[in-house]
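First to last, the sequence lines map onto chains E and C. Residue 292 in this note's numbering sits at position 292 of the first sequence; the count goes up by one each step and never skips. Residue 183 in this note's numbering sits at position 183 of the second sequence; the count goes up by one each step and never skips.
Calculated directly from the structure, the hints in this document are not laboratory data. There may be inaccurate statements among the hints.
Claimed, not checked - Cross-link-like lysine-lysine pairs, in silico, DSSO-like; alpha carbons within 30 Å at most: (1) E:Lys341 / E:Lys426; (2) E:Lys105 / C:Lys198; (3) C:Lys59 / C:Lys72; (4) E:Lys101 / C:Lys198; (5) C:Lys59 / E:Lys3; (6) C:Lys109 / C:Lys127; (7) C:Lys109 / C:Lys72; (8) E:Lys3 / E:Lys105; (9) E:Lys362 / E:Lys248; (10) E:Lys426 / E:Lys142; (11) E:Lys422 / E:Lys403; (12) E:Lys362 / E:Lys320; (13) C:Lys198 / E:Lys3; (14) E:Lys56 / C:Lys109; (15) E:Lys142 / E:Lys105.
Said to hold, decoys possible - Not close to chain E: a few residues of chain C, all C-beta gaps over 10 Å, as computed: (16) His3; (17) Gly77; (18) Pro90; (19) Tyr102; (20) Met130; (21) Leu171; (22) Asn183.
Said to hold, decoys possible - Partial list, computed: chain E residues near chain C (C-beta under 10 Å): (23) Ser22; (24) Arg30; (25) Arg79; (26) Thr306.
From the three backbone atoms N, C-alpha and C, an ideal C-beta is built for every residue, glycine too.
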Amino acid sequence: MDKVEYLSPEAWSQWHTELLQSTVNRAYNRVPFYRKRLEEAGLGPDAIESVDDLAKLPFTTRQDIAENYPYGLFSVPLRDIVRIHTLRSGQVNPIALGYTKQDLKRRTELTARFFASSGMNQDDIVQICLDPGMGLHGQDLKEGAELLGALVIPPDPVSVLTRIRVMVDFKTTVLVTTPSYGLHLLEIFKERNMPLASLNLRMMILLGETLTDTTRQVFERELDVETRAAYGIFEASGPAMAYECSEKKGLHMALDHIIPEIIHPETLEPLEPGQEGELVITTVTTRANPLLRFRTGDITSLQTETCTCGRTTWRMSPVKGRCDHVITVRGVKISPEQVGKLLNQAAGGRDLEFLIVLDKWKHLTQVEVLVAMDGNFFTGSLPELHNWIHDTEDLFLEYLGVKCRLRPVELRTIAPFVREGKYVVKREDFERGENR
Amino acid sequence: MLHIRNLNARYGPIQVLKNCSLHVDEGEIVSIIGANGAGKTTLLLSISGLVASVSGELKFMGQSLRGLSPDKIVGLGIAHCPEGRQLFSPLSVYENLMLGAYARKKAQKDEIEEDLEKIFQLFPRLKERMNQTSGTLSGGEQQMLAIGRALMARPQLLLLDEPSLGLAPRLVETIIQTIVDLNTSGMTILLVEQNARKALEISHRAYILETGRIILQGRASDLAEDSEIRRAYLGKDYKDLSER
Numbered sequence: 001m002d003k004v005e006y007l008s009p010e011a012w013s014q015w016h017t018e019l020l021q022s023t024v025n026r027a028y029n030r031v032p033f034y035r036k037r038l039e040e041a042g043l044g045p046d047a048i049e050s051v052d053d054l055a056k057l058p059f060t061t062r063q064d065i066a067e068n069y070p071y072g073l074f075s076v077p078l079r080d081i082v083r084i085h086t087l088r089s090g091q092v093n094p095i096a097l098g099y100t101k102q103d104l105k106r107r108t109e110l111t112a113r114f115f116a117s118s119g120m121n122q123d124d125i126v127q128i129c130l131d132p133g134m135g136l137h138g139q140d141l142k143e144g145a146e147l148l149g150a151l152v153i154p155p156d157p158v159s160v161l162t163r164i165r166v167m168v169d170f171k172t173t174v175l176v177t178t179p180s181y182g183l184h185l186l187e188i189f190k191e192r193n194m195p196l197a198s199l200n201l202r203m204m205i206l207l208g209e210t211l212t213d214t215t216r217q218v219f220e221r222e223l224d225v226e227t228r229a230a231y232g233i234f235e236a237s238g239p240a241m242a243y244e245c246s247e248k249k250g251l252h253m254a255l256d257h258i259i260p261e262i263i264h265p266e267t268l269e270p271l272e273p274g275q276e277g278e279l280v281i282t283t284v285t286t287r288a289n290p291l292l293r294f295r296t297g298d299i300t301s302l303q304t305e306t307c308t309c310g311r312t313t314w315r316m317s318p319v320k321g322r323c324d325h326v327i328t329v330r331g332v333k334i335s336p337e338q339v340g341k342l343l344n345q346a347a348g349g350r351d352l353e354f355l356i357v358l359d360k361w362k363h364l365t366q367v368e369v370l371v372a373m374d375g376n377f378f379t380g381s382l383p384e385l386h387n388w389i390h391d392t393e394d395l396f397l398e399y400l401g402v403k404c405r406l407r408p409v410e411l412r413t414i415a416p417f418v419r420e421g422k423y424v425v426k427r428e429d430f431e432r433g434e435n436r
Numbered sequence: 001m002l003h004i005r006n007l008n009a010r011y012g013p014i015q016v017l018k019n020c021s022l023h024v025d026e027g028e029i030v031s032i033i034g035a036n037g038a039g040k041t042t043l044l045l046s047i048s049g050l051v052a053s054v055s056g057e058l059k060f061m062g063q064s065l066r067g068l069s070p071d072k073i074v075g076l077g078i079a080h081c082p083e084g085r086q087l088f089s090p091l092s093v094y095e096n097l098m099l100g101a102y103a104r105k106k107a108q109k110d111e112i113e114e115d116l117e118k119i120f121q122l123f124p125r126l127k128e129r130m131n132q133t134s135g136t137l138s139g140g141e142q143q144m145l146a147i148g149r150a151l152m153a154r155p156q157l158l159l160l161d162e163p164s165l166g167l168a169p170r171l172v173e174t175i176i177q178t179i180v181d182l183n184t185s186g187m188t189i190l191l192v193e194q195n196a197r198k199a200l201e202i203s204h205r206a207y208i209l210e211t212g213r214i215i216l217q218g219r220a221s222d223l224a225e226d227s228e229i230r231r232a233y234l235g236k237d238y239k240d241l242s243e244r
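Bound-form chain C, shown alone (with noise of 0.2 Å):
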């Protein structure tokens, strides 16, 4: 579904990504492990068209990407669920969700409408608070809304950056079981994520992105019983047997 291949992208004269390939098949969860300032971020935004200079070969379904612009990609069905969830906060639940669909024509409206029903159903909190500010959501809610609002662009493949991000234990599960079930539903999913244990849980395949490279890919069931993966990204619990 998504090939990328020999990406660089650079924000003026500091290189963040360098000759990446990678590729996400329609149907799969797959996640980008890597360290802070690693390039995940980066990564996600280079396929939504937000960085200046890329470099490198991106296609969707055989389309290329370059140089398209961002609203041209969420047309094309990749819709971008950004770190810190990026909501208007002074709009409402529903003006935000409604913005989701704003590259969509309006000669689609039965099939918005329709859309906004399954997020409701999807996440049914939010249809409690449809009037609500967003800016007084709690953290989990937003992150719900987010999601709903990249939804709303009705994607085939769906960005996802950090959301776990800030969350309480309780709405991190939450999150990570909505992602889990629209995966089931046939999204497709490309998974940028600090929780690395969480997201090798739930994910196909990874990738491990080191200052800028992909170091190491494969199912994510291997790399997450991979000693130095554990070092290195799945924190204490693997320390007190590697350092014995």
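Just chain E, with the same shape it has in the complex (with noise of 0.2 Å):
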């Protein structure tokens, strides 16, 4: 137990501010973007006399984070830090996060404490499922799942079939992937008549996307496991940045790492706690990026009462949505603009019209992309669109990490969407609309 999520309200208040203060007095010394923006608003370091000026402060988005790339947001010199990890940004450059030691410490024993309050033990078998562009979760996953000292089975790139024999044969007591995957799993378990009795699971955890109510259920009822579900965002502090307690009443931020805020995601103000919108972040801990006010465009609630479980730090509800166009294919986010961009590399600088379908195959989000093929592109070869295709759906599957399919149509067979602004639909939408 971590007495740190016990803190009084006093106590968080002071806490909040005296981190809050630190952190801008580091960012303003040290970030000249942060300096600037800073500067920008009228503030110095001194803005902050209590968490509640935390409103004041300007906002960074991802955006911000690549035009910056790659060093433009470190608050340490590039000796201290130990590791970079980068990431698709849906822009020009990708998006580059540096680690201290301390920063992967931290976040190694937060994810430790997360699992601990699962319910996760030393006892525990732990295999962790996940697509390969939750690769840095993944990481995060399995060093936490080491430190609490469990034997822990990494997401490896291995075949569903050879999961599941894996998690057969070593008896894998406590399961970590995106509800999506899970009942992947558990339809391919079913459809190949292997006796649920034959698992050892205890206990799901889930991430990377919503968990329902529905599919909770579907996990307690057909597998009898525990289920607990986890929020986390790769630009901060990892999975373990808020995750479901017993009560399953919401889910507990880290709130010794971070400051969380509901913004409209419009108008941009702040909301009072139980109001929906748009999830805001800022970083108190992190040495290497630290993030002041960071836009992560998922839509949810804070709740800042007590939980039943005695912790007094806030809990979020279950995301509702985004509030832009990103959409979460098993975790990963995939957003028009870069499918855009994606496209428009591929056709050596051609926009090209496309619209994106969604279809579901045995609880798996699949992707199609339906691209326009304009008289100037299509030069009328059928080997070459062929080729092109298949590379493009390469080039998707490396910037994505998930696979997308790609289908020429005619642009009157997208139009429709397109003119309505619609770049996603899903698929019986898709067939609904095109049968108009």
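Two chains, two separate frames, one set of hints: put the complex together.
Rendered as structure tokens:
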């Protein structure tokens, strides 16, 4: 038990004020980007007199991180950084996140605390099944479980059947995966008539996507397991930013490392606890890459009252959706802007109209990108087109981390959607629209 | 126990502490680490009511310290062991110790005797030299006396300013061990120490003060491993590593 999770509201206010002040002091003195932003807002390092002054600070976005690639947002010299992770950003530049030794240690400790709070212990056999696009979380999860002393089977790139076999042979007790991959595994299991009794699972920890009540009930009923949901973003704190306790009444946020806020995604005004809006995160212990008011794009709400489990850390509701067009495919975030840029790159700098169609296959989201062929681009050679599609699919897999199917179509097929400014539709809506 | 918010302190036109917030919980040793002139001593002096121009919130056990005279603050349970000992050298060891109990009521005579005995247990050397004038003590003994004098106020929070300054390494160890022992026996300690390595070794938490602002805080064990802190405050051991 980490007693920090049980601090009184007054103590949290003191902690947050102290941590926020020193974070702003460091950001102002060491990161020219933040100094400029703060000065533009007429603020100096003394702007923060209490944690309530957080709302005065300017926001940071994924675009800001990408624009300051590679070192622009680092607040320590490069020699203090021991690891760099790079992420796709949907921008020209990737996102590069640096970590000091302390940052990594804190992340691992936080992940271990999350697992311990979930009820995992050193006797557990923990199998992590995540797509390569969630590799960064996979690494944190592995290290956290190792610190706890559990036996860990990390997310290796093997087939579903191999994963199931390992799960049976090594008597996995805790499965860490996304809700959709969990459902997928369950379906394969049933399809092959494998006896559920051959599984030794006692708990599933589900992250990367929102765990709906229906999905939770399926796991609890069919697999007879405990379930816990978690939330995290790559840019801050990793997979253990928020996690459920045994009460399952919202996800407890790691208030000793971050200060969360909810804002109205359009007016950008802070909202009260309980109101739904965009989650904004300020990191207060991160050394290498501090983030001031980072806009996550995720829609949720906060509860600030003490949980029945006794923890005083604020809780967030399961994420309701996005305030932009970003879609989450097995935990991997994909934006239409990224898709457009990749198509543009593949087409040698030509902007092609496209529509993303989402489909489910055995509970896994399938992404199909319909690309309008215009006369200038399509030369009439089918083998050439075939090769182009093949290469572009490879490019998508490489840059997005999930497989996308590409289908060339005539512009009029997707025109009704594109005209309405829609970039992403579900299969059934697409077919309905197509037959209109 | 001690909660400080947005503390600003100035000497005339010079602002020494800028918007500092920190806290000390009961039973903790908390260190303030910083370069010379960063404002460490001023921070302790502000708590003790010895800096005239102070703004911000200073609370001890829920009670505001702002505007209280130094003797009232001692009366609330905060004792200050100043940098450079500040003993009354013509006076004897015993007299110096009794001065530490000056703010306590005469009625507490028995308790005062009891405390004196405890201090002699903690520092047997002081008992041996009870009647010697304090100016004739060695540096280490003087430091023991300074700590002993602060303890005579029977504080709940002890402010220690550079207790190892100017002492031989062996004596530094003794003083450091004394601080640990005091803490183990229940004393809460706010420590300012130029020997950052030693301070971080024995503290629970620490704050890093840089030109009057707190720029970092956390568990002392974490800070002791922080590359930047090691380079700036923990001396040359790290230099070989960092400048490869």
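Next item on the list: Verify the proposed pairing of lysine 109 (chain C) with lysine 72 (chain C), using a straight-line Cα cut of 30 Å.
Entry: holds (19 Å)
Next item on the list: Verify the proposed pairing of lysine 362 (chain E) with lysine 248 (chain E), using a straight-line Cα cut of 30 Å.
Entry: holds (27 Å)
Next item on the list: Please work out if lysine 362 (chain E) and lysine 320 (chain E) have their alpha carbons no farther apart than 30 Å.
Entry: holds (23 Å)
Check: Within 30 Å, alpha carbon to alpha carbon, are lysine 59 (chain C) and lysine 3 (chain E)?
Finding: Given that 30 Å is the threshold and the Cα spacing comes to 23 Å, the pair holds.
Check: Is the hinted pair lysine 56 (chain E) and lysine 109 (chain C) satisfied, with a Cα-Cα distance of at most 30 Å?
Finding: violated (55 Å)
Margin query: For glycine 77 (chain C), is the shortest CB-to-CB distance to chain E above 10 Å, so the non-interface label stands?
Written below: holds (20 Å)
Next item on the list: With a cut-off of 30 Å on the C-alpha distance, tell me whether lysine 142 (chain E) and lysine 105 (chain E) pass.
Entry: With Cα atoms ~13 Å apart, lysine 142 (chain E) and lysine 105 (chain E) stay inside 30 Å; holds.
Check: Since histidine 3 (chain C) was said not to touch the interface, does its Cβ keep a gap of more than 10 Å from each Cβ of chain E?
Finding: Answer for histidine 3 (chain C): violated, closest chain E Cβ roughly 6 Å.
Check: With a cut-off of 10 Å, does the beta carbon of serine 22 (chain E) approach a beta carbon of chain C closely enough for the hint to hold?
Finding: Hint holds; serine 22 (chain E) Cβ to chain C Cβ min 5 Å, cut 10 Å.
Margin query: Against the 30 Å threshold, does the CA-CA distance of lysine 3 (chain E) and lysine 105 (chain E) hold or violate the hint?
Written below: Holds. Lysine 3 (chain E) to lysine 105 (chain E) sits at ~19 Å (cutoff 30 Å).
Note to self: Let's test the interface hint: is any C-beta of chain C closer than 10 Å to that of arginine 30 (chain E)?
What the structure shows: holds (9 Å)
Next item on the list: For the pair supplied as a hint, lysine 105 (chain E) and lysine 198 (chain C), confirm whether the alpha-carbon distance does not exceed 30 Å.
Entry: Given that 30 Å is the threshold and the Cα spacing comes to 22 Å, the pair holds.
Comparing the model with each earlier hint shows violations of hints 10, 14, 16, 26; every other hint is respected.
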